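Chains as they are written, first to last, in this note's numbering: chain A, 77 to 192; chain B, 2 to 114.
Everything labelled a hint here was simulated from the structure, so no lab data went into it. All values derive from a computational prediction rather than experimental measurement. You may find that some hints are simply not true.
[Unchecked claim] In silico lysine to any residue, SDA-like type, Cα no more than 25 angstroms apart, as pairs:
| id | chain 1 | residue 1 | chain 2 | residue 2 |
| --- | --- | --- | --- | --- |
| 1 | B | K61 | A | P185 |
| 2 | B | K57 | A | K85 |
| 3 | B | K53 | A | R144 |
| 4 | A | K85 | A | G134 |
| 5 | B | K61 | A | Q133 |
| 6 | B | K61 | A | G79 |
| 7 | B | K57 | A | P185 |
| 8 | B | K61 | A | E180 |
| 9 | A | K85 | B | S86 |
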Amino acid sequence: NAGVTQTPKFQVLKTGQSMTLQCAQDMNHEYMSWYRQDPGMGLRLIHYSVGAGITDQGEVPNGYNVSRSTTEDFPLRLLSAAPSQTSVYFCASSYQAGGSVNNEQFFGPGTRLTVL
Amino acid sequence: GDSVTQMEGPVTLSEEAFLTINCTYTATGYPSLFWYVQYPGEGLQLLLKATKADDKGSNKGFEATYRKETTSFHLEKGSVQVSDSAVYFCALDSSGGSYIPTFGRGTSLIVHP
Chain A
77 NAGVTQTPKF QVLKTGQSMT LQCAQDMNHE YMSWYRQDPG MGLRLIHYSV GAGITDQGEV
137 PNGYNVSRST TEDFPLRLLS AAPSQTSVYF CASSYQAGGS VNNEQFFGPG TRLTVL
Chain B
2 GDSVTQMEGP VTLSEEAFLT INCTYTATGY PSLFWYVQYP GEGLQLLLKA TKADDKGSNK
62 GFEATYRKET TSFHLEKGSV QVSDSAVYFC ALDSSGGSYI PTFGRGTSLI VHP
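Chain A extracted, bound-state conformation (with noise of 0.2 angstroms):
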């Protein structure tokens, strides 16, 4: 198994333009999040899915969209990228959604995202 994979590693993007960041799993997990991480806030939830054509907001939802088509895929989407986006994002996917005793959470690399 790949696990939890994401694409682009790195990324700068001019403020205003749009991009769409990949992550697929190939575990067949139900539950898949995105998650942005800055210095000194922790991880910070910003979408996330209980299955495919389920999709629901987190912690910090403004400025991005999301969709869940099928199982394996979760893109994030930048609809007009601003200097507050730039930070790591990270894909993370489980079994099932909360309440399992088993439910780790796996996470893909990361995306580096600069927006100038």
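Following the hints, position chain B against chain A.
Showing chain B alone in chain A's frame:
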């Protein structure tokens, strides 16, 4: 709602020193508890977990015991190495029906030779 509180870092130690990173939690129901580690430039990965009270999770010389009476899950290692330098995250997964795991803010560990 659920919450996880970790000691702030960075924690700076010399090689072979004893490590403790404190973690306390608030949760509904009976959560599972986790420690994740993030090495520089990488994503988080599971270090250890405990699923019920008094369980001890262990891996790579690290240990943590699920203490329901003190709502704590402190991470310990008897002798740290330079290669343990990383950020450590305490987390919980509540049985109370929330879909979303709760993470602490992370504690940076720096180990000097």
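Hint check, failures only:
Violated hints (numbers, rising): 2, 3, 5, 7; every other hint is consistent with the structure.
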